[in-house]
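From first to last, the protein sequence lines are chains A and B. The first sequence begins at 1 in this note's numbering and counts up one residue at a time. The second sequence begins at 1 in this note's numbering and counts up one residue at a time.
Just so you know, the hints here were simulated from the structure itself, not pulled from any lab data. Where a beta carbon is used, it is the ideal one built from N, C-alpha and C, also for glycine. Careful: at least some of the hints might be erroneous.
Simulated pairs of lysine to aspartate or glutamate, EDC-like, Cα-Cα distance not exceeding 16 Å [said to hold, decoys possible]:
1. A:K223 - A:E167
2. B:K145 - A:E67
3. A:K286 - A:D310
4. A:K191 - B:D65
5. A:K286 - B:D88
6. B:K32 - B:D88
7. A:K295 - B:E56
8. A:K293 - B:E245
9. A:K323 - A:D227
10. A:K217 - A:E148
11. B:K212 - A:E148
12. B:K2 - B:E69
13. B:K215 - A:E313
14. A:K170 - A:E148
15. A:K286 - B:D221
16. A:K301 - B:D121
17. B:K212 - A:D294
18. B:K197 - B:E69
19. A:K191 - B:E237
20. B:K145 - A:D227
21. A:K286 - B:D12
22. B:K212 - B:D88
23. B:K215 - A:D227
24. A:K326 - B:D244
25. B:K247 - B:E237
26. A:K126 - A:D31
Pairwise CB distance ranges (calculated) [to be verified]:
27. A:S176 - B:Q243: 56 to 64 Å
28. B:P224 - A:D124: 22 to 30 Å
29. A:K88 - B:Q106: 40 to 48 Å
30. B:G136 - A:T150: 20 to 28 Å
31. A:E226 - B:S22: 16 to 24 Å
32. A:A219 - B:R222: 50 to 58 Å
33. B:P223 - A:S33: 30 to 38 Å
34. B:K202 - A:E171: 52 to 60 Å
35. A:G35 - B:R182: 48 to 56 Å
36. A:E226 - B:L188: 28 to 36 Å
Partial pick of chain B residues on the chain A-facing surface, computed with a CB cut under 10 Å [to be verified]:
37. R16
38. A162
39. V211
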Amino acid sequence: MANILAYAEARAGELRKTAFEAVTAARQLADASGGGEVHAIVFGPAGVAAKAAQLGKFGADVVIAVEHERYANNDPESMSATIAERAKSGGHRYVVGVASQTGRDIAPRVAAKLGAAFASDVIDAKVNGDALTVRHPGYWGKVIMTLEVTGSPTVLTYRPGAVTASENAKEARAESMAPAADPSASRVVVKETTQGAKGRPDLAEAPIIISGGRGLKEAANFKLVEDLADAFGNAAVGATRAVTDEGWRPHSDQIGQTGRTVSPQLYVAVGISGAIQHIAGMRTSKAIVAINKDKEAPIFKIADYGIVGDVFEVVPALTAAVKAAKNS
Amino acid sequence: MKIAVCIKRAPDSETRFRIAASGTGIDEAGVKFDISDFDSYAVEYALQVTEKGGGEVVVISVGTDASQETLRKALSMGAASGVLLKTDGPVFDSMAVARALADELQGGGYDLVLFGKVAADTAAGAVGAMTAELLGLPCVNSVSKLDLADGRGTARRDLEGAAETVEFPLPAVVSIDEGIARPRYPSLKGIMAAKKKPLESKPAQLGDVRVKIAKMELPADRPPGRIIGEGAAAVPELVRLLQDEAKVL
Ligand SMILES: Cc1cc2nc3c(=O)[nH]c(=O)nc-3n(C[C@H](O)[C@H](O)[C@H](O)COP(=O)(O)OP(=O)(O)OC[C@H]3O[C@@H](n4cnc5c(N)ncnc54)[C@H](O)[C@@H]3O)c2cc1C
Ligand SMILES: Nc1ncnc2c1ncn2[C@@H]1O[C@H](COP(=O)(O)O)[C@@H](O)[C@H]1O
Numbered sequence: 001m002a003n004i005l006a007y008a009e010a011r012a013g014e015l016r017k018t019a020f021e022a023v024t025a026a027r028q029l030a031d032a033s034g035g036g037e038v039h040a041i042v043f044g045p046a047g048v049a050a051k052a053a054q055l056g057k058f059g060a061d062v063v064i065a066v067e068h069e070r071y072a073n074n075d076p077e078s079m080s081a082t083i084a085e086r087a088k089s090g091g092h093r094y095v096v097g098v099a100s101q102t103g104r105d106i107a108p109r110v111a112a113k114l115g116a117a118f119a120s121d122v123i124d125a126k127v128n129g130d131a132l133t134v135r136h137p138g139y140w141g142k143v144i145m146t147l148e149v150t151g152s153p154t155v156l157t158y159r160p161g162a163v164t165a166s167e168n169a170k171e172a173r174a175e176s177m178a179p180a181a182d183p184s185a186s187r188v189v190v191k192e193t194t195q196g197a198k199g200r201p202d203l204a205e206a207p208i209i210i211s212g213g214r215g216l217k218e219a220a221n222f223k224l225v226e227d228l229a230d231a232f233g234n235a236a237v238g239a240t241r242a243v244t245d246e247g248w249r250p251h252s253d254q255i256g257q258t259g260r261t262v263s264p265q266l267y268v269a270v271g272i273s274g275a276i277q278h279i280a281g282m283r284t285s286k287a288i289v290a291i292n293k294d295k296e297a298p299i300f301k302i303a304d305y306g307i308v309g310d311v312f313e314v315v316p317a318l319t320a321a322v323k324a325a326k327n328s
Numbered sequence: 001m002k003i004a005v006c007i008k009r010a011p012d013s014e015t016r017f018r019i020a021a022s023g024t025g026i027d028e029a030g031v032k033f034d035i036s037d038f039d040s041y042a043v044e045y046a047l048q049v050t051e052k053g054g055g056e057v058v059v060i061s062v063g064t065d066a067s068q069e070t071l072r073k074a075l076s077m078g079a080a081s082g083v084l085l086k087t088d089g090p091v092f093d094s095m096a097v098a099r100a101l102a103d104e105l106q107g108g109g110y111d112l113v114l115f116g117k118v119a120a121d122t123a124a125g126a127v128g129a130m131t132a133e134l135l136g137l138p139c140v141n142s143v144s145k146l147d148l149a150d151g152r153g154t155a156r157r158d159l160e161g162a163a164e165t166v167e168f169p170l171p172a173v174v175s176i177d178e179g180i181a182r183p184r185y186p187s188l189k190g191i192m193a194a195k196k197k198p199l200e201s202k203p204a205q206l207g208d209v210r211v212k213i214a215k216m217e218l219p220a221d222r223p224p225g226r227i228i229g230e231g232a233a234a235v236p237e238l239v240r241l242l243q244d245e246a247k248v249l
């Protein structure tokens, strides 16, 4: 029996998809360790408590809302202090999060505050007596490591998308908690959070990613990629380093070794050669489509569905066909 | 300004990995090693700051004797001195590495301590924030733009589909993302000068190590690629496969 504290991520008062993944993962871990309660902790401005209640549907027994006006933005100092405080007072065996940018920022701080053992970006975890055995990709995803983690508590983050959020309804009790450290006293202050493209899901949440490479020739031609993303409706837009170096897309869109690691249901590579550093960020995608005019391009070695052709001809045709399929 | 950069020895990304016979590490035969990607961006950024505003860059690494070469590379880029915190083998416990680094950094009078946002091998992205906690310093992670002035920093952090602008006082810990600076190649003069720069070596104070490597394996191969056709004529077949086989449409 082990009680688990799950960090449920919110941004600007809205729960993120990673919040449901964290609670689902915590539920699985609690069940694997002989049952136990999942306590989900959420930070946000006033009103986040009402939204957090739905975490009960994903297996949370208790939902702890920490409301403060400062939590309209992230405040990692007071958030990590509050999570650590709660983990201590609650005697939690595990503290679970998801390795999104925010999760990666918070979790190691919590571990250090607790003096806890830590595992990050985990793809699966097994309770093994007093120890936890986790698997985690390293070396740019080219090696899968199995790690033995001992000590209580243990803090761990799951790779985004490694756990599929699933409903496992519980009657969640609602609690509220005051920040354990005054957010107004934090030394690092988020002055502003600017949202990227509106109306399209972001790379961490999208089940489909359409990515463009240098084969698009110039920034304006990214419209082809955006149009295809819009035709799917639930797709995000990514890019190669060649593209972000040119400034056609922001660095935050870059996929690969030095960019984001993604595992969508579908990855469409448009005018991308498939350099080893790019593949490092997307090789775990479920299905891969590649469109490239060079049939020798390395991307075709890993593409489930390759089309040899000119992106300026193939992509508009695909966009039209996807639209037609969606409407039929 | 006195800047410390924590750097790690890591294999080159072009490497084709083989697993060592022990099953708990990579086979290092024939593998080229260098400064881990993001750490080299941090070194470059630190050098640019001190070249413009004065001060010095100290590089610190936790690792085996082989990491001397990694530190020497940073010295040849322009860092003033290096410290090797010696271990017997690789360490996969982020907290233990953070303890060793904090022990060395404590009392060093650094205005800024830089990390890479994530190391190439462990892919943990944890050591920077943990070290900051142990030192009680403010910490900003995954920074793609950083301005320093009047004892304060302003940084940009990319989130998924959003970005944060944050402000903080120095001294502070910052972990570096790509985009901040492209690392220089050491000049011949730099390489010669590095041979005479101080490189200290002492045992790492790791403390209790609670994360141990049990196994390393190569990931399952993807099924071999398949070309389904040429040009726009292949689109109907693609759409059919996306509907019937991949079930994403
Ligand atoms: C340390 C390091 C880290 C790196 N990190 C990353 C990373 O994180 N992410 C990343 O992406 N890269 C990274 N790179 C760079 C990587 O090595 C490649 O240079 C980059 O991925 C190439 O981008 P690309 O495929 O867009 O461009 P290119 O390699 O130039 O490929 C363009 C492709 O478009 C095709 N093409 C051209 N015109 C057309 C057309 N009209 N129709 C169809 N196809 C066309 C060409 O056949 C070609 O295959 C890194 C490199 C290093 C050394
Ligand atoms: N053994 C080490 N020696 C020096 N710095 C390290 C070491 N391990 C990690 N770091 C630093 O911490 C960053 C994050 O590492 P990690 O948490 O292992 O992903 C790296 O980019 C380095 O800057």
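Evaluation of the provided hints:
| no. | hint | in the structure |
| --- | --- | --- |
| 1 | A:K223 - A:E167 | violated, 37 Å |
| 2 | B:K145 - A:E67 | violated, 30 Å |
| 3 | A:K286 - A:D310 | violated, 24 Å |
| 4 | A:K191 - B:D65 | violated, 43 Å |
| 5 | A:K286 - B:D88 | violated, 40 Å |
| 6 | B:K32 - B:D88 | violated, 20 Å |
| 7 | A:K295 - B:E56 | violated, 50 Å |
| 8 | A:K293 - B:E245 | violated, 24 Å |
| 9 | A:K323 - A:D227 | holds, 10 Å |
| 10 | A:K217 - A:E148 | violated, 47 Å |
| 11 | B:K212 - A:E148 | holds, 5 Å |
| 12 | B:K2 - B:E69 | violated, 23 Å |
| 13 | B:K215 - A:E313 | violated, 47 Å |
| 14 | A:K170 - A:E148 | violated, 31 Å |
| 15 | A:K286 - B:D221 | holds, 13 Å |
| 16 | A:K301 - B:D121 | violated, 25 Å |
| 17 | B:K212 - A:D294 | violated, 45 Å |
| 18 | B:K197 - B:E69 | holds, 13 Å |
| 19 | A:K191 - B:E237 | violated, 50 Å |
| 20 | B:K145 - A:D227 | violated, 30 Å |
| 21 | A:K286 - B:D12 | violated, 27 Å |
| 22 | B:K212 - B:D88 | holds, 14 Å |
| 23 | B:K215 - A:D227 | violated, 44 Å |
| 24 | A:K326 - B:D244 | holds, 14 Å |
| 25 | B:K247 - B:E237 | holds, 14 Å |
| 26 | A:K126 - A:D31 | holds, 11 Å |
| 27 | A:S176 - B:Q243: 56 to 64 Å | violated, 47 Å |
| 28 | B:P224 - A:D124: 22 to 30 Å | holds, 26 Å |
| 29 | A:K88 - B:Q106: 40 to 48 Å | violated, 25 Å |
| 30 | B:G136 - A:T150: 20 to 28 Å | holds, 27 Å |
| 31 | A:E226 - B:S22: 16 to 24 Å | violated, 49 Å |
| 32 | A:A219 - B:R222: 50 to 58 Å | violated, 31 Å |
| 33 | B:P223 - A:S33: 30 to 38 Å | holds, 35 Å |
| 34 | B:K202 - A:E171: 52 to 60 Å | holds, 56 Å |
| 35 | A:G35 - B:R182: 48 to 56 Å | holds, 52 Å |
| 36 | A:E226 - B:L188: 28 to 36 Å | violated, 47 Å |
| 37 | R16 | holds, 8 Å |
| 38 | A162 | holds, 5 Å |
| 39 | V211 | holds, 5 Å |
In the structure shown, a violation is registered for the earlier hints numbered 1, 2, 3, 4, 5, 6, 7, 8, 10, 12, 13, 14, 16, 17, 19, 20, 21, 23, 27, 29, 31, 32 and 36, in ascending order.
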